[in-house]
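**Student:** Residue numbers (the numbering used here), protein chains in the order written: chain A, 10 to 519; chain B, 25 to 389.
Each hint should be verified, as a subset may be incorrect.
[As the list claims (entries may be wrong)] Quick list of in silico lysine-lysine cross-link-like pairs, DSSO-like style, CA-CA up to 27 angstroms: (1) B:54 / A:495; (2) B:203 / A:498; (3) B:322 / A:340; (4) B:54 / A:292; (5) A:195 / B:322.
[To be verified] Footprint (simulated), chain B over chain A, 3 or more residues, beta carbon under 8 angstroms: (6) 91–104; (7) 322–332; (8) 338–344; (9) 389–396.
By construction, these hints were calculated from the structure, which means they are not laboratory data. Glycine is no exception: its CB is placed at the ideal position from the N, C-alpha and C atoms.
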Amino acid sequence: MTQNHHSGPVSQDADIVLELRQATKKYSGVPAIENVDFTLRRGEIHALLGENGAGKSTLTKVMAGVVPLSSGQMLVHGKEVQLVTPLQALHHGIAMVFQETSLVPTMTVAQNLFLGQEKFFNRLRGVYISAQQFLQSLNFDVDPTATVSLLGAAKKQMVEIARAVLHQASIIIFDEPTASLTPEEKKYFFDLVFKLKERGVSVIFISHALEEALLLADRITVLRDGHHVVTDQKSSFDRARVVQAMVGRDLSQTLYGQKKTFVRPQGECVLSVRNLRMASMVKNNSLSVFAGQITGVFGLIGAGRTETFKVVAGLIKRDFFHGGEVLLRGKPVRYRVARQAVRDGIAYVTEDRKVEGFFETMSIAQNIYMGLLGKSDKTFGTVSLARASAVGEHWSRLLNVRAISRNVKVIELSGGNQQKVVIAKSLVQEPEVIIFDEPTRGVDVGAIAEIHAEINRLADAGKAVVVISSYLPEVMALSDRILVAKQGKVVVEFSATDATQEGIMYAAIH
Amino acid sequence: MLTRLRNLGDRWLGRGNAAITVPVMDGALKPNRGLDEATVVAELAGIDDLASDGKDLWLSAGAELFRLDNGQPVPVRRFDADISALAVDGKGRLAIALAGKRVQIVHVASDGVATDGESLDTVQGQALHCVNALAFEPDGSLLLSDGSQRRGPGQWCHDLMELGNTGRVARWNPQRDAKEQLASGLRHAFGVLPFKGGALYSESWRHSVGMARGRLEFMHELPGYPSRMSAAASGGFWLSCFVCRTQLVEFVLREPAYRKRMLEEIDPRYWIAPALASGLSFLEPLQGAGVKQMGVLKPWAPPRSYGLVLRVSDDGRILSSLHSQVDGKHHGITAAVECDGALWVVSKGSGRLLRIDLDQAETRV
Chain A
10 MTQNHHSGPV SQDADIVLEL RQATKKYSGV PAIENVDFTL RRGEIHALLG
60 ENGAGKSTLT KVMAGVVPLS SGQMLVHGKE VQLVTPLQAL HHGIAMVFQE
110 TSLVPTMTVA QNLFLGQEKF FNRLRGVYIS AQQFLQSLNF DVDPTATVSL
160 LGAAKKQMVE IARAVLHQAS IIIFDEPTAS LTPEEKKYFF DLVFKLKERG
210 VSVIFISHAL EEALLLADRI TVLRDGHHVV TDQKSSFDRA RVVQAMVGRD
260 LSQTLYGQKK TFVRPQGECV LSVRNLRMAS MVKNNSLSVF AGQITGVFGL
310 IGAGRTETFK VVAGLIKRDF FHGGEVLLRG KPVRYRVARQ AVRDGIAYVT
360 EDRKVEGFFE TMSIAQNIYM GLLGKSDKTF GTVSLARASA VGEHWSRLLN
410 VRAISRNVKV IELSGGNQQK VVIAKSLVQE PEVIIFDEPT RGVDVGAIAE
460 IHAEINRLAD AGKAVVVISS YLPEVMALSD RILVAKQGKV VVEFSATDAT
510 QEGIMYAAIH
Chain B
25 MLTRLRNLGD RWLGRGNAAI TVPVMDGALK PNRGLDEATV VAELAGIDDL
75 ASDGKDLWLS AGAELFRLDN GQPVPVRRFD ADISALAVDG KGRLAIALAG
125 KRVQIVHVAS DGVATDGESL DTVQGQALHC VNALAFEPDG SLLLSDGSQR
175 RGPGQWCHDL MELGNTGRVA RWNPQRDAKE QLASGLRHAF GVLPFKGGAL
225 YSESWRHSVG MARGRLEFMH ELPGYPSRMS AAASGGFWLS CFVCRTQLVE
275 FVLREPAYRK RMLEEIDPRY WIAPALASGL SFLEPLQGAG VKQMGVLKPW
325 APPRSYGLVL RVSDDGRILS SLHSQVDGKH HGITAAVECD GALWVVSKGS
375 GRLLRIDLDQ AETRV
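Using the sequences provided together with the hints, build the complete structure.
**Tutor:** Rendered as structure tokens:
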């Protein structure tokens, strides 16, 4: 059961600087947040928690004027406002610091700070002096003459924060501010947040790290599936309560049904990743994938899951020095391009279908046929339109791709059908190892069931299937074994029959 | 020349043979506490090997031979040298390897009286040096693994650090006194098993199990150093791994100069090398995450010693496994055999005989 807590008569509370009432935001009719009530007090640090897709980012984007509300009210300092641009939000003292900073990398720190506020007769030395004084007043140890591209993630965050304060922001929203920070940089950041609080600035921050929320926040709000679950003082939360609030979905009401009681027997170890390293994203990661099983890989965004399997599929490269090993059927492989992996029977179904998954102006059949061409070992060959049509027809029928005609462009299909085309494009290559990265992201409920059925069919046919998903019920419903990744490596393995949502989430964030 | 250049490049880039990676323990190898939770039947200093004919369970500890009677080991006979391997054929014959240098057949009458029979001390003109596993074949022949021609059974760690490759597997028919060398040049043969009309052997330093004829690899890239095997009643076999692989040891094994000095100057107890038991002295080397925090050793720390038994199918797949992790106590598993509805396991590291119900042992994943 969900519960709503309100701390007193919110609209009359003079301390409240920002309030949302029955806030709803819909994308193409699908609600990302629905009837959410939220309050932020002066000088308060407010943590916003929830699973991926819970609606945290949408809620903060609404507050920052990045997207407008579909319905509901937003009040800033007790007055109702309608924000449609970030500039409007800034005028109301609301600034948002995104996970990926919005600084101009080729400019200096000082130039970035005063960007858009330059005087007509601008002296660079004067800008540097002003920036220096301002940064010192915030106790930020950043050189104003340094080029932003040369700064570390924490310093960039500092500049971003300084810019927000410079714009007289009284409400600053941080979207996963610590995701790219080292432990030392995180400590820096926490000090900054406390300093902002002392200055009377209200802070909202989104974080997947429960420890941070429990350490920093005065109050915590948990969202789930676009709905407000609970808001309460930090002192009334512990890890277990937060996790329960984050994942406490009633399974019987979801698509994903009951807990798995049967696990497919483990076949041959087809793929083995050993001590893989890839920049700061994958850190000494090791895992195995077995034939005839679905290996689910769960983790929060930034856990290095996608990067690990993109290295496996030859889409990105591991570290040049001591990058670890990838063994396919016991033999080390190192792919320079994805085509080599495709020929070895590895298919990767991308999480970002619009950018990497299909050619949007080509037809369904042409897209599927492209998959076949990708596996072809001929340097010179002919493209058979008749064969493309036949292959497209066959796979469209097999995966139940619904379209007005076979010649329709893929961009004109619904998300679910687009995803089926992307899957068909990989399956036409007859792979032995199929890696599905967020296979049902942005896909309607009906298509989800069909895609899940196809994934199960592949495992039943003896293929080694990997499902990377940030949606816990999906991982639990599909997988025979579940690997939980955190900070660039797999940290725990669960059998599907032993796994619990709380256990998996705890492993992913603890 | 090209191979040399490639090896040099691999060494510089940390790739290929120089990748220094170890197989991950997941899937059927997912760690559990199966060995730590096993019943401790007895504590015997120097306990090493087990043999069973399905009815009786025999075990060796130092120079003494024991038989399990009413769940407790009863001394049967003391030999003049340590017993390094043991086998029983179910027809009143025991084969016993003494100090790794001699294999003695012992006939045990129904009244329990034991008399010495044939013995073997050379194969193909070469003296036995490190006989560490024995197994009877259905026709009465005896399979034996001779781990090394340079180091005895107690010096396996020296053999590892010297990258020993003088192991061999042989067959001996005591009735006809026919001897046959089945495989040689092995990197520490340690375990034999009659299998599908041929002979399986485990090759510890290659982390693999192979078929003697043609030296076909049956299992490879194991996460530990395999040792003795025993048949499982429901098909396949049990394989014990006496120590596990770590990146640190793999790295040391690639550094000949370092190893040479270590062998010359350091007490073997403190080598950067695997061990049958650990945590006995603060002087022992630790690897990265193995450092104790507030007196607690993390179970997933890189192991200096470890307990691992694998259940392997007929086609070489690992079906399940039993573990004693770094913070466990039953390390250095040198033998595991089925008898009387249970799996009996020797933890040489802790000097204990363990018993696990067969149902539990089979399903532990």
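**Student:** Mind listing which of the numbered hints don't hold for this structure, in increasing order?
**Tutor:** 2, 3, 6, 9
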